[in-house]
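Participant: Following the hints, complete the assembly by docking chains B and C onto the known chain A.
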Amino acid sequence: MKRADIVKTLLLVLVTGWFLVLIMVPVFGIMQEAIKFGLANVLSSLMTPHARHAFLLTFWITVAAVVINSIFGIILAVVLVKQNFKGKLFIEGLLDLPFAVSPVVAGFMFIILFGPQGLIGSWFEGQGIKIIYALPGMIIATLFVTLPFVAREVMPVLRESGLEQEEAAYVLGASRWQAFWRVTLPSVKWGLIYGVTLTVARAIGEFGAVIVVSGNIINRTQTVPLHIHQEFTDFNYGGAYSAALLLAVISFTLLITLQTIYRRTDRV
Amino acid sequence: MGIQVKDISKYFGKFCAVDNVSFEVAEGELVALLGPSGSGKSTILRIIAGLEIPDSGEVFITGRDVTTLTAQQRKVGFVFQHYALFKHMTVQKNIAFGLEIQKRPKKKIAEKVDELLNLVKLQGYEKHYPAQLSGGQRQRVALARTLATEPAVLLLDEPFGSLDLKVRQNLAAWLKELHVKLHITSVFVTHDQSEAIEISDKIVVINRGKVEQVGNAHGVYEYPESRFVASFIGQVNVIDAFVQGSKIVIKDTSIAMDNKGSDTPDGSEIVLLVRPEDIMLQENPGLNALPCRIKQIHYRGSFYELDIELGEILIKAIENKNSFMKDNWNEDRPVFIEFKKYKVFDIREGHGAVREQLRQLGYIE
Amino acid sequence: MNGRASPSNRATNSDLVLRSLSFGYIGLLIVLPIIAMVARSLEGGLAALWADMTLPPAIYSLKLTISTALIMVAINVVTGTATAWVLVRYSFPGKNLMNALIDLPFAMPTIVTGIMLVAVYGPRSMIGGFFQRYGYEIMFNKPGIILALMFVTFPFVVRAVQPVLIEMDKDMEEAARTLGASSVTIFLRVVIPSLLPSILTGAALSFSRALGEFGSIIMVAGNIPFKTQVASVYIYGEIESYNPQGALGLSVVLLLFSFVTLMVINVLQYWSRRHEKS
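Residue numbers (this note's numbering), protein chains in the order written: chain A, 844 to 1111; chain B, 424 to 788; chain C, 32 to 309.
Looking at chain A on its own, in the form it has when it is part of the complex:
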């Protein structure tokens, strides 16, 4: 039996070693760089006008993505779980597409469709509204990459308990809206929260699709990830590391939130 123990210990050491080197070392690396830079410098680099503008932009885009994709995510979940129609499986399959498409290609698609010569973009161009290289385009790109999260997290919860409870509500006299608001929605609460958290994490960090669609214009269309990239290419490594550290801390917090919720979903 001793041999089995040796194998077990060896495996354990190898796996944890790999995990530490691959995942944890870079995380500590960035903390080290920020410390080298000095706390005062970190804070002041986060307060510069274009940093502040980037934070604001990221904030509003994230809010828009959360609100719009929560509403449509729930609608999609309800339609896909409760209704039966031709092409349902096709729509469900399409739901996963944002995960499989490269962000740069996604951004490119939106430039083609919503750009000044695009099918939809040209009409807006005529009205004087800019979609691409402006906020609306960035929101659309972010909507694309975060589309599946809420729908995919709400669907299984809805399937499991939502339907019978809804019927019970109808029989007790509730209208469809009352049943939805008082019974269906609360029953998928945790799935919704989990999906929203994933949406926030992705929206904050999205880079490829947004940089393509926004034109990367300083102080106009740069979100925090784009700002980090800008600082880095300008050799302001300190500024880049500071903003990166902030995003890393936020992501870490979101991760812990997700883990806590995940354990809750089993109970309710």
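These aren't lab readings, by the way, just hints derived from the structure by calculation. A quick note: this is a predicted structure, and the numbers were derived from the prediction, not measured. Ideal placement from N, C-alpha and C gives every residue a C-beta, glycine not left out. There may be inaccurate statements among the hints.
Think about it this way: if two alpha-carbon atoms lie no more than 30 Å apart in a straight line, the pair counts; the simulated DSS-like pairs of lysine-lysine are [to be verified]: (1) A/LYS925 / B/LYS599; (2) B/LYS526 / A/LYS925; (3) C/LYS126 / A/LYS1032; (4) A/LYS845 / C/LYS201; (5) A/LYS1032 / B/LYS529; (6) B/LYS674 / B/LYS763; (7) B/LYS516 / A/LYS1032; (8) C/LYS201 / A/LYS851; (9) B/LYS531 / B/LYS604; (10) B/LYS510 / A/LYS931; (11) A/LYS1032 / B/LYS550; (12) A/LYS879 / C/LYS201; (13) B/LYS510 / A/LYS1032; (14) B/LYS429 / A/LYS1032; (15) B/LYS535 / B/LYS599; (16) C/LYS258 / A/LYS851; (17) A/LYS931 / B/LYS437; (18) B/LYS625 / B/LYS429; (19) A/LYS925 / B/LYS535; (20) C/LYS126 / A/LYS845; (21) B/LYS510 / A/LYS925; (22) B/LYS531 / B/LYS516; (23) B/LYS437 / A/LYS929.
Ranges between beta-carbon positions, derived for each pair [said to hold, decoys possible]: (24) B/ARG487 / A/PHE928: 28 to 38 Å; (25) B/VAL590 / C/TYR121: 38 to 48 Å; (26) A/ASP1077 / C/TYR273: 47 to 57 Å; (27) C/LEU86 / A/LYS973: 25 to 35 Å; (28) A/LYS973 / C/GLY55: 21 to 31 Å; (29) C/ARG304 / A/ASP1077: 49 to 59 Å.
Facilitator: The following block gives chains B and C in isolation, referenced to the frame of chain A:
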């Protein structure tokens, strides 16, 4: 008054789930819709509730035509098989739900919830969540929630289906008590015939979307009108035989008995249905005593079950524990049996299908 | 019993409204953009499209993307399965923390990943500087790309295998042991076959992600054509150089890959579900 169901049919795609069903439930009656799984009984119940709309036919509840009304508008009470309690609400909120929808004053709602908690004997559980309750407790909350809105009619879909045997029996008895107290017109769906027999005033036997028989427990058990009903309700031995003159001859043997009261023509193949408790053991040959052999005697706690070899087949008989002198009848001993009561069905009416159904229901090998 | 959707079986008006909204949203955000891209790419004719697709730098970038992705998948399959095994079968101090942190790459913005890797393995860092002295440059080179891909896709295989491993009955392994099989044999002939569908699913997900990865790679690999330019970076370069036609060809190729991997993943998941039922 009560409930009337007239000629309702329901198709799911090409499949006919409910085929021209009609029956009545008198006001204050407790009726069981009894049938095997897939027979359409739940669909019929849901049609009465308004959770399904029939493709044809009409439904009347307390005299008014509700066929085109939605579930929300019908004001019936419905208890789901898996309770369908609102998991994110307390027991109190669950029960109060229907009343809150009706916008009753808060004080009245609180009073009613208390009253119902007393009725279902769950006082003190107001703040509990469904996840913290046992199956039986959840079912009682579901019932209380349904009764809160004082519906004219109570519908229960396999209410005890997912519970343990003991809990099921207790709850069934309690439901009967409740019904006697409240006297509310009730229909419940079950596949458990002993449950139906025990608590209902009337049984509607459903098979493959059609009504097989309507009657009280005694009538359905003792006087089955079709071979399905005879075999579905209670245990039964299925014996192949044919008619020869004034006698019935067991197939592949020369064992014969008098053909009492069966008017099937001479020579026709028939099926003889005998309940295990209607088989009498005798020591001596007699007019209609059939020679056979006891193969095995099983002790079943409250009775004895005997495996008896009649010709080439094995049939089962049940003997009362107290009156059965076990020592007189040992295994492998030739005896005589007489059928106190039996039913004859003409094989031309699709015997093969009946055998298959009995096999699927586990009554025969 | 599939008529249970609503109080009446026929779709009500509000049902149809919701359905139209769903179609509209998916159509606007997913279907239309894809159609627009494909239509635009075919505008110049198939021949021109083919020419764009087969430009030397484009082909090189595609080859680089696929080769680095495959190497990463090979490594990840081994390390991911081992990690899942350790997390499910062993207990050790810090296990819960490590389990929670497995998902870190999912939560981390790709650009931050890139920066972190440059900070640790770049030429000015301890580790990178060390390797540089011996002539090995990690960053701005293939190893850097593979490193970034491994970080970003690390959770895929682990999270795909973990639940299957948890559900797996130890009985099979114990039965094999009583029949005299060694641990290695048991692992190779009992465990791995049961885990195969989930491992492949994780591999397919990693591969799909690696094909399109951009944010982390643009940091670690720079943008040197014919050396470290992966497909996504090539496309970005063409767009920035106001040469969208050049980008279209490769974009369509990547889109095709996306569809194919999506189908493969669906088939794998269907297969693993059937495995479970038996």
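Participant: All the hints need checking, so say for each whether the structure fits it.
Facilitator: Hint by hint, here is what the structure shows:
1. Our distance criterion of 30 Å between C-alpha atoms is broken by A/LYS925 and B/LYS599, whose separation comes to about 36 Å.
2. Distance check on the hinted pair: B/LYS526 and A/LYS925 sit about 28 Å apart at the alpha-carbon level, within 30 Å; holds.
3. With a CA separation close to 29 Å, the supplied pair C/LYS126 and A/LYS1032 stays within the 30 Å bound.
4. For the proposed pair A/LYS845 and C/LYS201, the alpha carbon gap of about 21 Å is at most 30 Å, so the pair holds.
5. The suggested pairing of A/LYS1032 with B/LYS529 holds, with an alpha-carbon distance near 26 Å, which does not exceed 30 Å.
6. At most 30 Å may separate the alpha-carbon atoms for a hinted pair to count; B/LYS674 and B/LYS763 meet this at roughly 20 Å.
7. Restraint check for B/LYS516 and A/LYS1032: satisfied, since their Cα atoms lie roughly 17 Å apart, inside the 30 Å limit.
8. The suggested pairing of C/LYS201 with A/LYS851 holds, with an alpha-carbon distance near 17 Å, which does not exceed 30 Å.
9. Proximity of B/LYS531 to B/LYS604 is assessed by CA-CA distance (about 22 Å); at most 30 Å being required, the pair is judged to hold.
10. Simply put, B/LYS510 and A/LYS931 have alpha-carbon atoms about 29 Å apart, close enough for the 30 Å limit, and the pair holds.
11. For the hint pairing A/LYS1032 with B/LYS550, the CA-to-CA distance comes to about 20 Å; that is within 30 Å, so the pair holds.
12. Proposed proximity of A/LYS879 and C/LYS201 is contradicted: the alpha carbons are some 50 Å apart, above 30 Å.
13. Using a Cα cut-off of 30 Å, the hinted pair B/LYS510 and A/LYS1032 holds, with the two alpha carbons roughly 11 Å apart.
14. Of the pairs offered as hints, the one joining B/LYS429 and A/LYS1032 is violated, with about 43 Å between alpha carbons and a cut-off of 30 Å exceeded.
15. Distance hint between B/LYS535 and B/LYS599 is fulfilled; the C-alpha atoms sit about 22 Å from each other, no more than 30 Å.
16. With a CA separation close to 41 Å, the supplied pair C/LYS258 and A/LYS851 exceeds the 30 Å bound.
17. Distance check on the hinted pair: A/LYS931 and B/LYS437 sit about 21 Å apart at the alpha-carbon level, within 30 Å; holds.
18. Taking the CA atoms of B/LYS625 and B/LYS429, the gap is near 18 Å; set against the 30 Å cutoff, the hint holds.
19. A hinted pair counts as satisfied when its Cα atoms are at most 30 Å apart, and A/LYS925 with B/LYS535 does not qualify at roughly 34 Å.
20. Taking the CA atoms of C/LYS126 and A/LYS845, the gap is about 23 Å. The hint holds against a cut of 30 Å.
21. This hinted pair checks out: B/LYS510 and A/LYS925 have alpha carbons roughly 19 Å apart, not beyond 30 Å.
22. In summary, the hint linking B/LYS531 to B/LYS516 is supported, as the alpha carbons are separated by about 14 Å, within the 30 Å threshold.
23. Among the hinted pairs, B/LYS437 with A/LYS929 is consistent with the structure: their alpha-carbon atoms are about 18 Å apart, no more than 30 Å.
24. A hinted range of 28 to 38 Å for the beta carbons of B/ARG487 and A/PHE928 is consistent with their spacing of about 34 Å.
25. A beta carbon spacing of about 41 Å between B/VAL590 and C/TYR121 agrees with the range 38 to 48 Å that was offered as a hint.
26. Distance hint check for A/ASP1077 and C/TYR273: the Cβ-Cβ separation is about 22 Å, which falls outside the suggested range of 47 to 57 Å.
27. Between C/LEU86 and A/LYS973, the C-beta spacing of about 31 Å keeps the proposed range 25 to 35 Å intact.
28. The hinted range of 21 to 31 Å is satisfied by A/LYS973 and C/GLY55, whose Cβ atoms lie roughly 23 Å apart.
29. Separation of C/ARG304 from A/ASP1077 is about 51 Å and conforms to the stated range, judged on CB atoms against 49 to 59 Å.
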